[in-house]
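Visitor: Residue strings, one per chain:
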Amino acid sequence: MRKTYEEINEKIRRGQAVVMTAEEVSEMAKTMSPKEILDKVDVVTTATFGAMCSSGAILNFGHAVPGIRMEKIKVNGVPVSGGLAAVDTYVGATDCDERNPKYGGAHIIQDLIDGKTLELEAWGKGTDCYPRTHIKTEISLETINEAVLFNPRNSYQNYNVAVNTSDKTLHTYMGTLLPKMKNASYSSAGELSPLINDPECRTIGLGTRIFLCGAQGYVAWNGTQFNTSKPVNKYEIPVGNARTLAMIGEMREMTSRFLRAAYFEKYGVTIYIGVGVPIPLLDEDLAHRVSIRNSEIETSIEDYGNGGELIGTTDYASLRSGEIEFQGKKIHTAPLSSLAKAREIADMLKTWIKDGQFELTAPVRPMPTDTAMKTLKEL
Amino acid sequence: MTRKFVIKFPAEQTGDSLTYNLIKKFDIRINILKADIDAGRSGTLLIELNAEEEKIQAAVDYISSQGMDISPVETKIKLEAEKCISCGACTSSCLSGALSISAPDWNLRFEPEKCIVCKLCLKACPLQLFKIEFSE
Ligand code: SF4
Ligand code: SF4
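Quick note, the sequences are listed as chains A and B, same order.
If you're matching positions, the first sequence starts at 0 in numbering that gives the first Met the number 0 and goes up one per residue.
If you're matching positions, the second sequence starts at 0 in numbering that gives the first Met the number 0 and goes up one per residue.
Quick caveat, the hints were computed from the structure, so don't treat them as lab data.
As a list, the in silico PhoX-like pairs of lysine-lysine whose alpha-carbon atoms are at most 20 angstroms apart:
hint, chain 1, residue 1, chain 2, residue 2
1, B, 130, A, 101
2, B, 122, A, 265
3, A, 265, B, 130
4, A, 181, B, 118
5, A, 233, A, 29
6, B, 122, A, 181
7, A, 265, B, 118
8, A, 167, B, 122
9, A, 2, A, 353
10, B, 33, B, 3
11, B, 82, B, 122
12, A, 115, A, 101
13, B, 118, B, 77
14, B, 82, A, 115
15, A, 39, A, 2
16, B, 130, B, 3
17, A, 101, B, 122
One-sided and incomplete, this derived list gives chain B residues near chain A with beta-carbon spacing under 10 angstroms:
hint, residue
18, 84
19, 86
20, 88
21, 91
22, 102
23, 107
24, 119
25, 120
26, 125
27, 127
Given the structure is predicted, the values throughout are model-derived calculations rather than measurements.
Just so it is clear, CB atoms sit at the ideal spot from N, CA and C, and this is done for glycine as well.
Could you put together the complete structure from these sequences and hints?
Guide: Laid out in C-alpha cells, this is it:
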C-alpha cells in the first residue's frame, strides 16, 4: 500500500487523519509490523527542544524622517548586523556586547516575542539619500515591519555525547563537564527527534511545513554543515551529528513557551528552539523508519577534555537510563535538550493536524544526497 | 568549618574594625558576602567565618559582647521553577542527587533536603534559575 500527500491531506481536512507521536509509534512497533502501522497511521509527529546557536531574526525597523542608512546598530545595547539595507538587520542569537555577556541576540529575540519594548540606537555616516547620522528610539514587534526568525542550522540529526577526561571542570556548550568523566551530557530527543525518524530526508525538504516555536514555519533549505557522509549503524542512523535543517517562521506567531534565551557559563549566549516536524507515512519504508527505538540509535562519545577526540559509542536507551558504562566506569548522564518540551511540541502538532489546522506539504526540492564536511585550513 | 552569620550593628560600629578584630584576636578567616549599611543608622553584614568550632564560638560571643546582634544563617538554593524548561543541564553537576530528571515524565525534580549547597547548579543552568537564599 502507498499513500500520497493529497490523500493524507484530504483525511486531515475531513478530520479523519490518524496522527501519532514518534514515541507512541515506536511503542506500537513492539507488537506491530511496518505494514500494519502503515495501514493504521497517516502522520507521525516528531519534535525537539534544544540549544541551537545558529538561529537569528531578520528585522526591518521602518524608515525615520529624515532617513538614516543604519551602518552601526545596537538593540538594548547589543551590537547587531549593520550589513544589510538601510533599516534591515539580522540579530544573531549569539550576538552580544562583551561587557554584558549574559544578555545577547537570543534575549532580544525572546523579549520581542514576549511583547517587550527595546531600545534601538543606530548610526550612519549620512548620505545624500539618507542624511540622518544618528537615531535613538524604542521598538517592539508592534512598531517594526517584518520580524522573521531565520535559523541557518537547527534540528541536528543526532549529536555526539560530551565527556571530559581531563582533570579540570569544563564549561562548554554541552554544559558543565566534570573532570575525569564524572558525567556525560547528550543533546538529542532520540526516537522523537525529527531527522532520526526520516534519516534520509525522504519527506523533509525545502518547503516542508513545520512547527517552529509555536508558529507554523517552513524548512527553508538544508541546514549549514549538512553532512550525508557520516557512518551509519545497522539501523541506518548516522552515529553522531549529520544532517541539519534551516528554518524560517513569523515571529509574531511564536511564544517564549517554545523559544528561550540562554547563557552557558564561559561559553556565551545561545537560544533554545522548539521544532516539530510531521512525517507522512507514504509507504512501508517510512513506517519502518518511524518505528526506530532509542536502543537502536547510537552516537559517538566525544572527549571535550582532549580536543574533541571520539573515544567510543553508546545508545540513547543507555543514555536515558541515567548512567552509561564506559571503559569500566559508570558515568552519570544528563540531557541538555528538553524531552518534556519536545513531547509537548509533538502533542501540540498532533492536535493541529488532527483538528485540520495543519496540512502537510511535499518538498519543493529534496535535500542534498552527497555532502561532506570541509575543515578550515590555516595558511 | 565554615559557618554563615548575619550581624546587625549600630551606626557607630563599622564592618572594618570588626573584620580586623576577628582576624587579629581569633585567627578566623572572614569573608563578607553582603553588606547593607544604612547611612548614619544601623547596618547588616552577611559574613562567612572559617575556623575551628571553638574559635568561631569565641568570636560569636565576642561580637555579641560588643552590643551587636549576631545570628547563624542557613544557606539554601532556590529554584525559579515556573521558568524551568526541564532541559536537565543542571542535573549533570548535582552529584548529591537533589536535582534529577528521568522517566517517565522527564520533568526536573528538585529535592532541597538532599542539597549540599555545592552551588554547581548556579553555573550549570543555562537560564540562570538558581539563586542562593539566606535565612536566619
Ligand atoms: S547546590 Fe549542589 S547539591 Fe544543591 S542542588 Fe545545586 S548542584 Fe545540587
Ligand atoms: S538547567 Fe535550569 S532550565 Fe534546565 S532543568 Fe535545570 S533548572 Fe530547569
